[in-house]
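Take the sequences, apply the hints, and build the full model.
Number of protein chains: 2
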Amino acid sequence: MSTIIALETTDVRFPTSKSLDGSDAMNTDPDYSAAYVRIRTDAVDGLTGHGFTFTIGRGNDVQAAAIEALADRLVGRNAEEVLADMGATWRGFVYDSPLRWLGPEKGVMHMAIGAVVNALWDLKAKRAGQPLWQLLAGMSPEEIVSLVDFRYLTDALTPDDALAILKRAQPGRSEREAALLDSGYPAYTTTPGWLGYDDAKLTRLSREAVAAGFTQIKLKVGNDPDEDNRRLRLAREAVGPDIRIAVDANQRWDVGQAIEWINGLAEFDLAWVEEPTSPDDVLGHAAIARGIAPVPVATGEHMSNRVMFKQFLQADALQVMQIDSARVAGINENIAALLLAAKFGVRVCPHAGGVGLCEAVQHLSMFDYVAVSGQLDGRMIEYVDHLHEHFVTPVRIENGNYVTPTAPGAGTEMLPDSIDAYTFRPDGIA
Amino acid sequence: MSTIIALETTDVRFPTSKSLDGSDAMNTDPDYSAAYVRIRTDAVDGLTGHGFTFTIGRGNDVQAAAIEALADRLVGRNAEEVLADMGATWRGFVYDSPLRWLGPEKGVMHMAIGAVVNALWDLKAKRAGQPLWQLLAGMSPEEIVSLVDFRYLTDALTPDDALAILKRAQPGRSEREAALLDSGYPAYTTTPGWLGYDDAKLTRLSREAVAAGFTQIKLKVGNDPDEDNRRLRLAREAVGPDIRIAVDANQRWDVGQAIEWINGLAEFDLAWVEEPTSPDDVLGHAAIARGIAPVPVATGEHMSNRVMFKQFLQADALQVMQIDSARVAGINENIAALLLAAKFGVRVCPHAGGVGLCEAVQHLSMFDYVAVSGQLDGRMIEYVDHLHEHFVTPVRIENGNYVTPTAPGAGTEMLPDSIDAYTFRPDGIA
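Protein chains in written order, with my numbering: chain A, 1 to 430; chain B, 1 to 430.
Everything labelled a hint here was simulated from the structure, so no lab data went into it.
Every value quoted in this text rests on a predicted model; they were computed, and no experiment measured them.
Each hint can be trusted.
Which copy? The list can't say, so a pair holds if one copy fits it or any two copies do.
Keeping only pairs whose Cα atoms sit at most 20 Å apart, straight-line, the calculated SDA-like set for lysine to any residue is:
1) 18 / 98
2) 18 / 97
3) 18 / 96
4) 167 / 140
5) 343 / 256
6) 201 / 238
Here it is, written out as structure tokens:
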């Protein structure tokens, strides 16, 4: 028996704006940052749980303050109890009415809950001696259902529906787990496509992506249609006809504008168009999807909660669902998203990049493959080659695939030296 | 010429949970609170701008920290420039990409922007020597359009649409202004209906509401159908057949459950059902509206931004729109909501109560009546008799109507003694 004795929060910021890594039509000069949390217990194993919210710089202190505000919900509690029933633990945070008022279930406070929930999952997986994907994939359908909050979902997905989906995937779990450990999970790369990169860098990185075994790349678009046309032509020339090219507008357009803009890029045979407009606009995305078919609409990285995922699926407003490990209230809510996608037969291609998002989200895709959808039908995890060196178990890519992690935990632990070196100090004094 | 020299934030909390004022099915023991902001300039007039986000207790410190994070966007700037083009000022906050990432346009950071924007409007109205409603209603249609951000709205409302709506309302502005100053604006009351009140208090307060001239009351529901039935019967007996009774579930139900529950209360001839489910669920509300017709669906107090209001109107998911003065990004975004409602021909009955929400939101309804919809067709502002004594210009109700305010400002200024007496001190030391 052990007690949770501390929830430590750190404001970590990397000066990525200097190189324009991560620059897009909405976010022109981000400093990739993490509002980072470490959970400690008094157990003799010395294991700690790590989680974070990803932000792009200013305001990371507010996000850290929100995580800090959750400390009194957790510190002093029995660690085994908290970790044994993660469904109840999740509801304990999300149903807390004063904290819920600050969203509800969206924005800074909801993401703070996600960071803490993910840190608890990291601790739980370390205690189990398993990578998180394997811990989840080893649970019974009933245990998995108990992790999910079905409030506001039952018009689209009931606990019985979820149980049926999970039971359908039970045969073949071990074969798929073996396949994962053998070959990894498909990836695509956004590395070549940032808006701030010049033509030479775009061409060089596109060629390198193909050489590295990727079968899809992604370009940022949305500042200027002629410029997008030119850059897509360069990229297509660089990668040849057999590599898929997706584009990402980062919420830059209104509905009518999105349809017109994308139809103007029809010749490039786009793999998908990502975030064409506001992530809140279910009906807008549905109109865009109808207006640009057969080009698929992809979105999800800024979708605030399971209620939004539900509606996008109900309205046929996305054809590619892009979960993010650090936007919703953690692993539990992302499991709800995976179950919804399975119910509606939509493929999941997670958003990653940022700080540690690749390390974190791979566990969800791998769990999905083994125990939920059982499918790889066009599914891929985004890959960007930023900042992996700051993590204890950085992702590895081989032949365009994520190498399946085997180290215990959720992948979310940052190196102590990196945390210390990049802790934000407003007064500039180290 | 003057400079903004300070943005001061205070965590103000009232111990309302002791009396169960404000108790409902989701929020059982709120401590009504305000993350409060004062903006000071070095002008010789000594005028200050006041705004706030309303919360229900714990986490109010996080909300205050978010407001504080906006100080460096404002302090040191020329006050006249900031106040002269409030559309540009609004976009300066909302388009700021690192802050936007923390929503986008929702939750703690978006509400923080709302508090600061509203404080600037308070200052602008004080400098003009006018109550805010009158300042807004005196602007030209073009000036009003310039306050609104149409990003993500143009599939439902264009600047030209807005201009046409405002020009249509120009004739009769002065007659309606005179009528407002003469008779005030209709109100309804939620005072009798909190879930934590016993039967005697419910009956007594319902009778008092009728005696005070209100023609509609509202009851909280959603914990237990039999109990709701019993309390509605008591209220109906107390108020007689001619007073409308609305109910408010505070997001308590799933879609199917909402339809069943409300249809079980059909005999009470409900004026509307408010917040039947998640405020994010456009499609769910649309299904509920179809399932309980002709009972109208009312919602909006937790709707995070103009994109959500747009969709609820497009989907016929609400029949009564309930704007809130402190949930979206301030006056500007609420003007977008009013214009959307006018475009779709839906009546607006604002949410109020809390801390200072009545004082603030009345200005929007009165502006709407004079310069936007030009209508009173079933429009009413919620009234709850809590905490008005802490404001410099508390609302007054006569014959069931809000008395139209004439004091300069936005109504958002709290008394210095109240701020001081209720400043939250975690260590308990005054």
